[in-house]
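Build the complex from these two chains, which are given one at a time in their own frames, with help from the hints.
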Amino acid sequence: MTSPVIVYLDGDPLRSGVLEVLTLARGLGDVIALSPAPVGEQTVQTLGHYGVSRVLHVTADDADLTAPAAVGQGVADAAEELRATAVLLTSSFPTKEIAAHVAHRLAAGLLVDVGDLHWHEERLAGTKRAFGGTWDTSCAVTTARGVATVRPHAVAAEPAREPITAEVGAITVGASTPTGLELVDRQAHESSTDERPALAEAAVVVAGGRGTFGDFDPVHELADALGAAVGTTRDCVDEGWLPHDAQVGQTGVTVAPRLYIGAGISGAPHHIGGMSAARTIVAVNIDAEAPLVEMADFAVVGDLATVLTDAAEAIREHRGL
Amino acid sequence: MKHVPELESARGFSPEGRTVRTTEDGTLNEVDENAVEAALALREMSPESSDAEVVAVTLGPATAVDAVRRALQMGADRGVHISDDALTGADYATTARVLAAAVRQLGAADAVITGMAALDGLGAVVPSLLAAELGLPQLTVAHEVTYTGPPDHMVTITRDVAGATETWRAPLPAVISVTDVANSPRLPKMKEILAARTKEVATLTLADLDLPADEVVPRTEVLSVNQRPPREGPELVTDDDGNGGRKLAEYLISEGLI
Ligand SMILES: Cc1cc2nc3c(=O)[nH]c(=O)nc-3n(C[C@H](O)[C@H](O)[C@H](O)COP(=O)(O)OP(=O)(O)OC[C@H]3O[C@@H](n4cnc5c(N)ncnc54)[C@H](O)[C@@H]3O)c2cc1C
Numbered sequence: 032m033t034s035p036v037i038v039y040l041d042g043d044p045l046r047s048g049v050l051e052v053l054t055l056a057r058g059l060g061d062v063i064a065l066s067p068a069p070v071g072e073q074t075v076q077t078l079g080h081y082g083v084s085r086v087l088h089v090t091a092d093d094a095d096l097t098a099p100a101a102v103g104q105g106v107a108d109a110a111e112e113l114r115a116t117a118v119l120l121t122s123s124f125p126t127k128e129i130a131a132h133v134a135h136r137l138a139a140g141l142l143v144d145v146g147d148l149h150w151h152e153e154r155l156a157g158t159k160r161a162f163g164g165t166w167d168t169s170c171a172v173t174t175a176r177g178v179a180t181v182r183p184h185a186v187a188a189e190p191a192r193e194p195i196t197a198e199v200g201a202i203t204v205g206a207s208t209p210t211g212l213e214l215v216d217r218q219a220h221e222s223s224t225d226e227r228p229a230l231a232e233a234a235v236v237v238a239g240g241r242g243t244f245g246d247f248d249p250v251h252e253l254a255d256a257l258g259a260a261v262g263t264t265r266d267c268v269d270e271g272w273l274p275h276d277a278q279v280g281q282t283g284v285t286v287a288p289r290l291y292i293g294a295g296i297s298g299a300p301h302h303i304g305g306m307s308a309a310r311t312i313v314a315v316n317i318d319a320e321a322p323l324v325e326m327a328d329f330a331v332v333g334d335l336a337t338v339l340t341d342a343a344e345a346i347r348e349h350r351g352l
Numbered sequence: 017m018k019h020v021p022e023l024e025s026a027r028g029f030s031p032e033g034r035t036v037r038t039t040e041d042g043t044l045n046e047v048d049e050n051a052v053e054a055a056l057a058l059r060e061m062s063p064e065s066s067d068a069e070v071v072a073v074t075l076g077p078a079t080a081v082d083a084v085r086r087a088l089q090m091g092a093d094r095g096v097h098i099s100d101d102a103l104t105g106a107d108y109a110t111t112a113r114v115l116a117a118a119v120r121q122l123g124a125a126d127a128v129i130t131g132m133a134a135l136d137g138l139g140a141v142v143p144s145l146l147a148a149e150l151g152l153p154q155l156t157v158a159h160e161v162t163y164t165g166p167p168d169h170m171v172t173i174t175r176d177v178a179g180a181t182e183t184w185r186a187p188l189p190a191v192i193s194v195t196d197v198a199n200s201p202r203l204p205k206m207k208e209i210l211a212a213r214t215k216e217v218a219t220l221t222l223a224d225l226d227l228p229a230d231e232v233v234p235r236t237e238v239l240s241v242n243q244r245p246p247r248e249g250p251e252l253v254t255d256d257d258g259n260g261g262r263k264l265a266e267y268l269i270s271e272g273l274i
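Here the protein sequences line up with chains A and B, keeping their order.
Under my numbering, the first residue of the first sequence is numbered 32, with each subsequent residue one higher.
Under my numbering, the first residue of the second sequence is numbered 17, with each subsequent residue one higher.
Since the hints were derived computationally from the structure, they do not count as laboratory data.
The reader is advised that the hints may include incorrect statements.
Covered stretches of chain A (chain B as the covering partner; in silico rule of three or more C-beta atoms under 8 Å from a C-beta of chain B) [unchecked claim]:
(1) 192-204
(2) 238-252
Residues of chain B clear of chain A, computed beta-carbon distances all greater than 12 Å [to be verified]:
(3) Leu56
(4) Glu60
(5) Ala68
(6) Arg94
(7) Ser99
(8) Asp101
(9) Gln121
(10) Leu203
(11) Lys207
(12) Ala212
(13) Ala223
(14) Leu225
(15) Asp226
(16) Pro245
(17) Gly261
Ideal Cβ placement from N, Cα and C applies to all residues, glycine included.
So that you can see chain B by itself, here it is in the shape it has in the complex (with noise of 0.2 Å):
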């Protein structure tokens, strides 16, 4: 999951071309609750892993650590704060890449599932990306996802992708990532707000999940950001004389838009 700006706020960048970010202006990305639920309904589907656990992971500056405890809140067992100077400015690709080896790290996971893009960046490669570094097959973009529990442990998927309505399915262990109308996120009840109080997250650097600093040194570089400047404001008609229609017409015509 990630920690991003507020839609609402005054959204920009720093000289350096790094996206600020500020404590009271972060929230979870939305549709991380989305993963963050998935994940949840994903061990209720599945009797034979009720002990299964969930667990939160993030990556970046000391503010993410809000993200995590968002889903410790919505029921997640427990979090894992990646935070480490080496990664100002990671791309995507060493954003996956250092999931990946934190995934790893915490064993066989059944299942790895992600938001299906991050509200700031949109770029919605990270959980490819993630599924390529993991050598595991992808369930992207779900807005369905339903699970056949053992023998298989089978997932299948719908998605509504460029024209087309597709099925997919995989075996688990798999990097599913899900829409923002693929379920309800729970909210969470004052009992778990404050029960997340005491549920550990681990705070690690590239050191304790052995990654090498040139492992990790991005593939882009920001050359420029630029703010745009704000639209100059409508000319405005009202539709009182029931004129509306054709002066949106003659709009339409005039700007040689027809």
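Same shape as in the complex, but just chain A (with noise of 0.2 Å):
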């Protein structure tokens, strides 16, 4: 029986990120997911494919599982008493905060946005993009325990060869809510309930910068044509042209999707930090010497909103719509 390893669920149903983590979890160990929500039966069945042998539902006598001192604390607790070897998540700003309290409680390294895990001499490693995607880092942790967020697209998620059952329960542990901190309200976006993807987890994102004047409707044809998250700078953010939540780059939401093409975004260091791990990169922008068309793969120089109208017309003709 090799060592538990643990997956923490932030939703049901399950988000793309948690299906890579689990493939990368497969080669670490015995599987146990825990979520802070009961798991619903499809959901059981989807975690049993990607062989995860134990489902936990973890819950607390004193303590309201939403703060992510709370809910790290739980996990932790959790960790402790399953043996766990390894305490993995996926890598957003809520999740890598549960993450730093798992850590903090089981005194474990902390290895944050990694791209893949192994073991290294019995600890824990990772490799991680830093500087903008110019440098590789492989880094382990030195204590027994480790802790790891996977960075979204690093890895395709796959199901296990064998699909097995995964077995049902529940864990009580010890958290509890720091005093006086209080959830006041939750407002889901409405982006992230319609049809587009997440943009975090989108595996096309297509971006727009200042070079909209505003005007994103081109952008959004692209996007639909691909089936894309639709992303932005923060200077359009500023002029409130989209919610901060759609900015991409180092202050805002890192993305690292299969194909990212940035439509009239000059490529500001601020904002390469945050799409420089796409796979595929595309620019279209009347300036052959931005920086963004430099470090892409393909580039159209041109007006956007011809580009971009264009080439979503020949995708939908292409798919036949």
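Quick look at the structure:
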């Protein structure tokens, strides 16, 4: 029996990022999934297909498991009880916060935004992109247990060769909500509930910058033809053209899609830091010397309004739509 | 706050896997300016604490004191620079532990405010670790911060994360981290730049913080660092003939991206 590895589930249905984490987790040990909410039958079945042996609903007597600190403590206590050697999560702002609290409570080493995971001399190790994707660093924890968050799209999600039936159970843990801390309100954004995929997890991202002059119709048209998420730059958020969580970059969302198309975006280092992990980069810009054009795999020099609209039309034709 | 390599500079690692830091290419982590601004604004929002002190704290090698200096120019009252050879290779856990020790030594802080992430490492986990070390509630990745004053001393923040807008509330003291859109950092005026020169910056070692060396052993180590090959440059087409969009579609199809 290999040692237990915990994967934290941040929602039901499962996000694509979680399936990627599960794909990596299988290579490390016996996978146990922990969820702060009860998990539906369909999801339990999917978890079995991804090699999860047990799904545990985590509850705490003295805490409401919404605050990152409380969830983190709870997951850490479960990890302790289950004698897990690794705790793995996806990489979003909320899950990174939870990861920090898990690592703190376990006194464990913390790896953030890694693209793969393996054991290095019995310690959890992973690689991370740095400095706008220009460097690869490989790090290992020095503690017996390790905590890691995995950057989206670093690996392809793949079901296990032999599906198993995940056993469903519950685990009660010790956790406390910091005194006086309260979640007053939570509003899911429309864009995350409608047809378009969520930005951080999208396999294809079409981003528009200041070169749109506020008209995002061509950006949306191409995004819809490609089934892509829509992103933008901070300048456009400042202008109020799109909400803050559409901002791609160092202080926005980090994206690592299969395909990133940036239109009317100059490619400031702040922006590049958030998208340079994209596998294929396409730029559309009137300026052939814009930094984003120079780092692209394919670039069109031209007015984005016509280029994106024409591209969308050709793609719809190709798809027979 | 953190002293980081300029984004525009050729950033990289030494063979030991440490970030290369120089005086010329170093700067105060830009979103930490938003943290300083938030601290100054918080003081201004609370007339009852108009005598409250804003203290800028950093951890890093000798050059890192420049980050504190910048905060002093913006209006922070004094600075603390923690520097100790034993901290070379400090990871997230060590950094948070040392910063927490400094906060404790300063005495009852009303609020601990940071930028949401350091633009070199982009981990965005130190604020959470700091909250855990200090046993304080955290109000993080805030793009809006409001304070209600006495008797509750309640801080309310909003944040846009993972496809939702959340509003969180906690009484002070708390750990707050702010985004780059939370406010517009004030530009220091000449008078303040001159005044900052006379403000005190204490340099502290681990011994000054009563932290035994075995409490700051990093929990992670760098195994290797490798520069990635530069991208080859684009296959470039121009839309002069009005075929640019179609060529873009053809490229995506030929690469199997559709
Ligand atoms: C602390 C801090 C954090 C930041 N964080 C981020 C971040 O996370 N993400 C981010 O994106 N930015 C961030 N920024 C801002 C960043 O520095 C740049 O200002 C921003 O990315 C530029 O946005 P842009 O490319 O849309 O605009 P610009 O730089 O103005 O570029 C517009 C581009 O559009 C092109 N163009 C114009 N017209 C057309 C047309 N008709 N068709 C095609 N192309 C056209 C132009 O040639 C130009 O290249 C941050 C800044 C600071 C100070």
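Results for each hint:
no.: 1; hint: 192-204; verdict: violated (count 0)
no.: 2; hint: 238-252; verdict: violated (count 0)
no.: 3; hint: Leu56; verdict: 20 Å, holds
no.: 4; hint: Glu60; verdict: 23 Å, holds
no.: 5; hint: Ala68; verdict: 20 Å, holds
no.: 6; hint: Arg94; verdict: 28 Å, holds
no.: 7; hint: Ser99; verdict: 23 Å, holds
no.: 8; hint: Asp101; verdict: 19 Å, holds
no.: 9; hint: Gln121; verdict: 20 Å, holds
no.: 10; hint: Leu203; verdict: 17 Å, holds
no.: 11; hint: Lys207; verdict: 29 Å, holds
no.: 12; hint: Ala212; verdict: 26 Å, holds
no.: 13; hint: Ala223; verdict: 23 Å, holds
no.: 14; hint: Leu225; verdict: 19 Å, holds
no.: 15; hint: Asp226; verdict: 20 Å, holds
no.: 16; hint: Pro245; verdict: 10 Å, violated
no.: 17; hint: Gly261; verdict: 2 Å, violated
Going through the hint list in order, the structure does not satisfy hints 1, 2, 16, 17.
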